[in-house]
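Student: The primary structure of each chain is shown beneath.
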Amino acid sequence: MTAIDEGVLKLDPEEARRVRQERLERIGRWVLPLAIMILAIWSWDRICVWNAIPQYILPRPGVVLSTLYIDAGLLFSSLLVTLRITFLSLLLAVVGGVGLAVLFAQSKWVEMSFFPFAIVLQVTPIVAIFPLINIYVDNQTTKLLLCAWIVAFFPILSNTTLGLNSVDRNLRDMFKLNGATRWQQLRYLRLPAAMPYFLGGLKIAGGLSLIGAVVAEFVAGATGQSSGLASRIIEAGYRLNAPRLFAALFLISLTGILIFLVLSLISHLILRRWHESALKQER
Amino acid sequence: MMREKVAQAPASVSDVAPTLLALRGVGKVFSNGVTALSDVNLTIREGDFLSLLGPSGCGKSTALRLIAGLSTPTSGVLDWRAEGSLDRSNIGFVFQEPTLLPWASVFDNVWLPLRLKGVSRAKAAPAVMEMLARVHLTGVEDAVPRELSGGMKMRVSIARAMVTKPRVLLMDEPFAALDEITRFKLNNDLLELWQDERFTVVFVTHSVFESVFLSNRVVVMAARPGRVFDELAIEASYPRDEAFRTSPDYAALCRQTSDVLVNAIKSTAGAHHDGH
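These protein sequences, in sequence, are chains A and B.
Each step along the first sequence adds one to the number in UniProt numbering, with nothing skipped, and position 40 is 40.
Each step along the second sequence adds one to the number in UniProt numbering, with nothing skipped, and position 89 is 89.
Errors might be hidden in some of the hints.
As the list claims (entries may be wrong) - Far from chain A by the CB rule (all over 12 Å, computed), these chain B residues:
1) R24
2) F30
3) L78
4) E97
5) L170
6) L186
7) R245
What the hints assert, rightly or not - Quick list of in silico lysine-lysine cross-link-like pairs, DSSO-like style, CA-CA up to 30 Å:
8) A/K176 - A/K108
9) B/K123 - B/K165
10) B/K123 - A/K176
11) B/K165 - B/K185
12) B/K266 - A/K176
13) B/K165 - B/K117
14) B/K185 - A/K203
15) A/K108 - B/K117
16) A/K203 - A/K108
Honestly, the hints are just simulated from the structure, not real lab data.
No experiment lies behind these values; they were computed from the predicted model shown.
Note that CB positions come from ideal geometry on N, CA and C, so glycine has one too.
Generate the whole structure from the sequences, applying the supplied hints.
Tutor: In structure tokens form, the structure reads like this:
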């Protein structure tokens, strides 16, 4: 029932319309956003030209692109710095978030006692906490990591906790009947059951860890040596080097999109066989 | 107390077989004040296929959970008479829903009870494959539950419950959600399995037809409070097949059981059976 060959299969008008509709939607899903994007970039370029906007206010897209090429060495080494913080903090967020969630899952009492602290940490703006971190922590990398971690770990913690606690009651009884130990219940029942929730949290945390890393760089005001994309943006801002600012911005967005796509792919690969969210619509 | 022994013609399996479990004066009151069971006296014998039949709210599922050890009685005792301690590995449980691990293959689902006892995949394989063959599921061991039909999922659930070769199989309205054709097929296959292995079954159902077709004893329960109303011996020989299903004997037994059930429902003060 995969390929519908209209030559062989005689479709009534309604079904034929549905097939046509589906084909259009499939193409439109890619073509439309692309067309809008191209249109937007074109208008951006036209606005610059027609209004004779100077380059240091709003550079033309072509200039941004060539800056990306000319400053590639500088920008990409900065990107690597930011990426390092992003991925390290994401890793720590996974370890910390899942670890805490598993700890919370061991006892309602632990969860009741400590979950509010996690919420406090989450709702307090990181920009406001940073001056404190700045005082207590000397190492630059540690500072940034801590910041990005605080931003990123909460969705993983809260989602995984939710997942660990939403196991089917009958399944839990089934494990009990079979004399499963606490560890077995965690390993064979609760962790796999929490997987879709965890992956949902991971997708959010991926973006947040990038945001956390960039924000941390901003407030750390780390200029000069060993600095990430945020400091390039600050620097370019001071120098009214708008093309470079745009180029750096473009790189950050692109990184965010890539992180999201990669995590979505991972999620899909893990869940595709059994979870509703990853299944193709069959009806 | 109307209990036990409908005394007429004996000769059924249960009258000669030794007692496996005796419930004596068992009651269960939940913390919200609801009396789920009150003074239940019931003897389950080795090799019985015993159905607990009754309207919703009669405590039949609660009784099953007590027997399984998933819940403890408020009053009374459950007296396991079987020689040797009867631990939980001697009990298989089949829930109303298939209750499978959605991420695990059919094989892994059936392997699970053995896996929890520390049996490796390779060591468990013969038992798992044999059990899958017994429930007519050979060839789908790599599928995940969502790829199976409702009936097949239930077969996996039965295979999982039976893979440890339990002496008692507890079933909580296992086929209630299935269509009639699938249910008949599963009824036949379950009976076949039971006749081969002669384990004891306690089967909760609200279908008169199902209970009569399967059981050698039907215990009719009444609601508010949940209690044993009456017991009927189903005097029909095994194997029972499609011919039995259409026989006058079966019809007569169903009518008889149905009458008792109607009385049980009537006996509930201010009864309004919502048929839920």
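Student: Now, for every hint given, state plainly whether the structure supports it.
Tutor: For each hint, the structure was consulted:
1. R24: The assertion about B/R24 holds, with a minimum of 23 Å to chain A.
2. F30: It holds; B/F30 is separated from chain A by about 16 Å at its closest Cβ, greater than 12 Å.
3. L78: Nearest chain A Cβ is 15 Å from B/L78, so the label holds.
4. E97: The claim is violated: B/E97 sits with its nearest Cβ about 6 Å from chain A, within 12 Å.
5. L170: B/L170 is in fact no farther than 12 Å from some Cβ atom of chain A, at 9 Å.
6. L186: 19 Å, holds
7. R245: The claim stands: B/R245 keeps its Cβ more than 12 Å from every Cβ of chain A (closest is about 30 Å).
8. A/K176 - A/K108: 18 Å, holds
9. B/K123 - B/K165: Given pair B/K123, B/K165 holds - Cα atoms ~15 Å apart, limit 30 Å.
10. B/K123 - A/K176: 23 Å, holds
11. B/K165 - B/K185: Judged against 30 Å, a Cα distance of about 22 Å means the pair holds.
12. B/K266 - A/K176: Roughly 37 Å separates the two Cα atoms, so the pair is violated.
13. B/K165 - B/K117: 13 Å, holds
14. B/K185 - A/K203: 45 Å, violated
15. A/K108 - B/K117: 27 Å, holds
16. A/K203 - A/K108: 27 Å, holds
In this structure, the hints that do not hold are numbers 4, 5, 12, 14, in rising order.
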